[in-house]
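Taken in order, these protein sequences are the chains called A and B. The numbering of the first sequence is our numbering, which starts it at 4 and goes up by one. The numbering of the second sequence is our numbering, which starts it at 515 and goes up by one.
Please note that a few of the clues may not be correct.
List time: in silico DMTMM-like cross-link candidates among lysine to aspartate or glutamate, alpha-carbon distance up to 25 Å [to be verified]: (1) A:Lys16 / B:Glu708; (2) A:Lys487 / A:Asp512; (3) A:Lys147 / B:Asp663; (4) A:Lys19 / B:Glu701; (5) A:Lys134 / B:Glu613; (6) B:Lys848 / A:Glu210; (7) A:Lys16 / B:Glu667; (8) A:Lys19 / B:Glu700; (9) A:Lys19 / B:Glu710; (10) A:Lys11 / B:Asp663; (11) A:Lys11 / B:Asp711; (12) A:Lys563 / A:Glu374; (13) A:Lys147 / B:Glu703; (14) A:Lys19 / B:Asp659.
In short, the hints are calculated from the structure, not lab data.
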Amino acid sequence: MDVTPKYKGSFVKPLKALSHLFREPVTLPMVPRPASDVYRGFHVNDWEACVGCGTCRQICDNAAIRMVRIPGLPDEPAKGIKPRRPAIDYGRCCWCALCVDICPTGSLSLSREYIHVSPDVNTYFILPDEKGMHGLNFPKGWAKSDDSDLLDLGRQEMPALEAEARGDNFGEIVHGYDEQAAILEASRCIQCGMCHEACPAHMHAPEYIRAIWDGDKERAVREIYRTNPFPEVCGRVCTHRCETACSIGRRGAPIAIRWLKRYAMAVVDDARVRDIALEGMAEARTGRSVGIVGAGPAGLTAAFDLAKLGHDVTVYEAKPEPGGMMRYGIPEYRLPYDRLDADIAVIRAAGADIRCDSPIGPDLPMAGLRETHDAVMLASGLGLGRSTRVPGTDHSEVRSAVDLLDSITRGESIRVPRAAVVIGGGNVAFDIARSLARLQKRTHGRVDMTLVALEERDHMLADEDEVVEAQEEGVVVINGRGPKEVVKGGTFGRGLRGLETVRCLSIFDGEGRFHPRYDEDDVILHEADMVIEAIGQASDTGYLGEELTEALEWQRGRIKIDPDGATSVSGLWAAGDMVEGPDVIHAVAAGHRVAASIHRFLGGGTTTAEAAE
Amino acid sequence: MRPENYNPVQHPPSHEYELYFGPNHPGIEGNYAIRVRLNGDLIQEAITDGGYLHRGFEKLMEQRLWIQNIALVPRICVPDPVPMEEAYARAVEALGGLEVPERAQWIRAMMLEMSRICAHLFTFGGNAATIGLYTNMFWGITMRDLFLDIFEEITGARIYHMYITPGGVRRDLPAGALDRLETVIEELERRTPEFEDLFFDSAVVIKRARGVGVISLENALAWGVTGPNLRASGMPSDVRRDDPYLVYPDIEFDVPTEIEGDALARLRVRQAEVTQSVRILRQVIERLRMIEGPVRCPLPNPLAWNIPAGEAYTRVESSKGEVGFFAVSDGGPKPYRVHVRGPSQMHAVQVLERVLKGSRLEDIAQIMFSLDACPPEVDR
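One chain only, chain A, in its complex shape (with noise of 0.2 Å):
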């Protein structure tokens, strides 16, 4: 084989690497080498900032993470705070950080601590804290950052009204999600489990989201019934205490579950909803009787599970439509009368007999219910509005927001204001105040509406959704206000001049008790020829007649019972906004544990909806 020259190689020239005897070596000096700023090391999490909602176990993997419930720790489903921290098994972890990358909170990073020798295996098992797997705070490393953040935090847009288009008249607001939004919105979801356990009903809202991910729509309409018999009120009006606990939120929009909810009942007809809300009725009749006063979501609800387990359930219902607040009280543009109706239709398919117009009173006395029925709900809701009681509310010109949302829904003609003023900060304090903007834009073609709430603006009881959608449509929202006086005058001495107000120094007392206190000099009046007070209702009991109010037991104004909403006198159970509130998830959440406690007491085992649980 032909060699050239350059192939052949040298015996001399690598003795030249013996000049390397003179030099340093590389390995010094002999100090632990700092890592580097994104080090993937041993974990560090923050307690404070972690929520314990597993999203990083979710992720392992290596299936290296477990969590680990730590007592003493906050638990506050409501907040979405379980009481758990993630625990790392450095057998099997392998260090690629996805964890970090999927923390909802951010507060998981890894260390640039890096060495860790022990003989005993149990060591290598640990509870991450913010100092470190051996406490001695080594600083951050691969952490948190906007480029390797693996969620999405922004949420799919609602398409809806515009002010101009929404001010005149009662439209539904909200468009809904159309499938290619839903889905994108349904896909950003860590399947965290946060909103099942915030919800009062506790809904299965991790395993419908997944449904409609999948393209699954009846499934995600099964899994909504399996807790709630108002999905259609609650895609739209529901105060979604899940998306306050949506892991997502604590950094970005929270997975707008309300809508998907809305969404899945909007895309499955309703013929097929009635089929799958159906499916488990029981077969054979118990014959057992159950009455239910109030047609409310707390009753129906009750009706609904009961009616499927198969007693004979009557509901009374003193108004012309079932439905309670949810028609009276809510304005059609946030729930058209039509969807709520699909839903009653679903609860009346279930065989529920929901008689309207059927006041309990005279024709229909208390003691006949409970003689012709084995159990009794009470669920009849706060009808009453209350007064602020200032001077001047005497006024015919002075209503109630009840009542008049009341008329608005009866389609009663009433005298539109030319200008008004409503007094609260609540969501009704906005319904009464937005519908008679819609009647005035109407009627005299523009709004003249003021609402004055004690709170200030950052602290406003209502959603934050509602202020600004008032604003919007022209109603002008003055905070940090209360009423002193409603003054008398105006038209021929007999209107109203307007309301007085005081600015508001303080709502609560030292002990937190309701008692503003006001600068009594700072007064301003609003003209108005109508005030309307929105400051809260009241139960209306008088129907249970003297006998049985005496017989029961209450607690500050309200009938007083028990966790399973029993009330002291056998038989009669109580449940709704007239012991409870304060909204219609809340109402459904009653109901259910009512109708497995009259289940059980008429001889019936665990419910679906407890099994569910």
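Given chain A, put chain B in place with the hints provided.
For chain B alone, kept in the frame of chain A given last:
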């Protein structure tokens, strides 16, 4: 007294004997054995015996979410993990229709070339050690460590970077990383003449490596040889050139070849490749200084990420040859099947068995090293 049923093994009347070679080291040539039949020190037959490092990667990948596999794939090849990450990421990108931002493409090219240099430095050291030249091994490892420092600075890990992800890379370069990479490159270039003196120009190395483990071009093509080993047999084949990916069409580099096809030629090709990789790195650094922008396209929630049904084959030029990933999706959140085509599979089994035949006992380790076969990748 001898038991009735005892029958001593009847040896054929010859000088042949069998030697179990390896498995010895859990590193690059280790956990891999060869059963050799020898006559004197001449190899009559060699049968490779792998399986010591079988971890079932391909099956494991079917059990994991698409994103979770980024932690698994680099572990297929210890000395050169980045091409595995790149091939897997590109397979997912092809299936899922993801577009990699330009900056991420340049960063990935940088990672690939750094990994190639590391792997080659490792091989030089290992190859030298097999013929008893340990100084060279220390030098190779030391030099490689400087690159590992850069890897650590960028990715947070020295060996298994888990840095390339479908859609880009996991995070942007830290400030000053490019400057420090340049310093390391300069150091490498400063040390290169010393390496040549000690190793490539050493008469011992040349005498030991020349004519050893020859693969003719014809055999190389028939046996499925790829990468530097194929180029050492005279075929200028390089995936970066033949089936360009990332930003390689925009980069100037040569494909070095030799014709002898022996262990020396394979060393020489790798030596030239380090120079080419340095040349590529300099271009990449220059471009990365100008290009700004995101380093990853938006990914769906990894816990709810279904990849459309389909199949994709992607290949990458690794330091050992052509790495290919064949990924099949059935539309679900996890791969239906991922097949890995590792170059060492061919080099360490069929090529090695054939090349060893007729070679001498003392050359086994050197031949294996010159083929740069990576047993972890053979077993997977």
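Going through the hints against the structure:
no. : hint                : result
1   : A:Lys16 / B:Glu708  : holds, 9 Å
2   : A:Lys487 / A:Asp512 : holds, 19 Å
3   : A:Lys147 / B:Asp663 : holds, 22 Å
4   : A:Lys19 / B:Glu701  : holds, 18 Å
5   : A:Lys134 / B:Glu613 : violated, 40 Å
6   : B:Lys848 / A:Glu210 : holds, 19 Å
7   : A:Lys16 / B:Glu667  : violated, 36 Å
8   : A:Lys19 / B:Glu700  : holds, 21 Å
9   : A:Lys19 / B:Glu710  : holds, 11 Å
10  : A:Lys11 / B:Asp663  : violated, 36 Å
11  : A:Lys11 / B:Asp711  : holds, 13 Å
12  : A:Lys563 / A:Glu374 : holds, 22 Å
13  : A:Lys147 / B:Glu703 : violated, 37 Å
14  : A:Lys19 / B:Asp659  : holds, 23 Å
Violated hints, in rising order: 5, 7, 10, 13; the structure is consistent with all others.
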